[in-house]
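K.L.:
With chain L fixed as given, assemble chain D onto it according to the hints.
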Amino acid sequence: MIKSMEHITASCVIENRTIYKNGKAVYISGALDAIDFLSSAYRHFDLQYPKFYKMDPLSRLGWIATEILLGPGWDTSIYRPQDIAIVLSNANSSLDTDRRYNETTRDIPSPSVFVYTLPNIMIGEISIRHGFKGENAFFLSPSFDPVLLANYSSLLLQQGIASTAITGWVDLLGPQYKAALFLIERTQGPDTPDFSPETMQAIFQNPSKPWM
Amino acid sequence: MNDIFVAADHIVSPLGMGTSHNFRALKAGKTGVDRQERPAMSDHPFYAALFDPAEFTGGSFTKFEQLLQVSITDALNISGIRPGDKRTVLIICSTKGNAHLLDEDPNTPPENISLPASAARLAKTFRLDAAPIVVSNACISGLLGMITGMRLIRAGLFENAVVSGADVISRFILSGFGSFQALSSGHCKPFDKDRDGINLGEGAATVVLSSRSDYNKGLRLRGGSVSNDANHISGPSRTGMELCQTIERSLLDAFAAREEIGFISTHGTATSYNDEMEAKAITLAGLNHVPVNSLKGYYGHTLGAAGLIESIVTMQSMREGLILPSPGFEQNGVTTPLNVVTTLLSTPLTTCLKTASGFGGCNAAVVLGK
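As they're listed, the protein sequences go chains L and D. For the first sequence, the numbering used here gives the first residue as 1, with consecutive numbering after it. For the second sequence, the numbering used here gives the first residue as 1, with consecutive numbering after it.
It should be emphasised that the hints constitute simulated quantities derived from the structure, not laboratory data. A hint or two may mislead.
Stated by the list, open to error - Beta-carbon label-pair distances, calculated as ranges:
(1) Asn216/D with Pro72/L: 23 to 29 Å
(2) Lys24/L with Arg127/D: 28 to 34 Å
(3) Arg186/L with Asn332/D: 42 to 48 Å
To be verified - Chain L is nowhere near these chain D residues, computed Cβ spacing over 12 Å in every case:
(4) His21
(5) Gly29
(6) Lys30
(7) Arg38
(8) Ala54
(9) Glu55
(10) Phe61
(11) Thr73
(12) Asp103
(13) Asp214
(14) Ala257
(15) Pro291
(16) Asn339
(17) Thr347
To be verified - Stretch-level coverage of chain L by chain D, calculated; a stretch enters the list once three of its residues show a Cβ under 8 Å from a Cβ in chain D:
(18) 9-23
(19) 133-139
Every residue, glycine too, gets a C-beta built ideally from N, C-alpha and C.
One chain only, chain L, in its complex shape:
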């Protein structure tokens, strides 16, 4: 383990038709499936980004989680675009869209579906939305691996490769989905916990628990 000197300055968890920000449920929907739920959240928060509807479900999930994570409150201008890193992971890669693309190959293969058959496309979507130009990494793990994400994000900040990092988990396959994103910064607020795998795991498991 790398000894962390950073803090989690925001978190966003999306699961079971609920969006949590910093330990509080900020949106609950009665929508039945993942697509409906994400669309209703998009409308609820009035996110105004027509490209949203071009994205595949996995990118929509990661994109909305990032919008809520950063919120209207985060001032990106304090960082240079090239110093903002995005380090994401999941278990099922882009399999949800892989299957959908594979179906199109029986008829006419669809380039607009094929482009989403890579999990890091969601990093591209987030980068385009905010103009982030720093480090990227997409890791696949059998389950949420806070040790890998914390180590990698910490080393980016501590080796001077990035000044801030958005890291976490965005997984979607059919009806199953879960996102848990963390904003990692060197600065410290009144309620910002230290950046550690234990804190990440605690937030991942109990998103409605207030921060310690």
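P.N.:
Relative to the frame of chain L, chain D by itself:
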């Protein structure tokens, strides 16, 4: 900062098994790219570098896993790293992994396609007890795997990293690039004015990185960097500024001066947009006079393995003091011309650059040095 030594490297490709075997074929001007008639993959003939359909089949491992297994086995033997070493991490790099299974059965269960499951099987086979890491970041996966290994070793988390990448060409992948009109109708022509798209290729490659000086075989991974264009998910930057940023940051990371770079192994996919962007980036970085090639004419685009295969060939170029000609290049076809090598060039090389870019707007570069 600690040196990161290259303890071993190994390529499995349609050109052969092992780095020196591959390099002999390249020096002789052989290419793995050929006209293919594979009804299982395409209703029409196409140009790609593929293994014989009978190779790497059978057994309990998928074709993707077998490619990695063969490459890792040989790389570990060359390196001298013993199984059971807890200070060694396995890093697997791929864009699509086992997705070729979808060609035969669209309902292949997730656990059979899962890349983390493949990585766990391979780690167990080689008794590498640390949890394996899987990098899946489009066509920079191979370089990002090397950079990840380097950084984890620098941070003191591991002594050694076995970075291995592979991709298998399938109907899935071929039809996808075809749907983008991105496939060449013949042999690909990187940086040429008549370039009309890519050739796809199959392959696997492994680089073993180590901080231990007893594994110093004379070559180092000196630095690396990654960036995003923040421009378009399927097209590269219009300016090349972001790849340029990556090149400059990788030089800083390596404590290398621009003047030290004796050769650049480009991504050079032979699509109109990639080569144009890459030429702009290299020019912006002030490296447009440096000899460059693209190896895509020999191997095709091997996707998640490309960064590894092309880094290894670059390292062999450094060992032998030979720059390979860039197949398919006759007349400059980019607005900022590069010094594309067209004949086998004998020259001592001490520091080289390898670049890559991919869907999602990602860019990566590494500095390799003696």
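K.L.:
Any hints from earlier that this structure breaks? Give me their numbers in increasing order, please.
P.N.:
Violated hints (numbers, rising): 1, 2, 12 and 18; every other hint is consistent with the structure.
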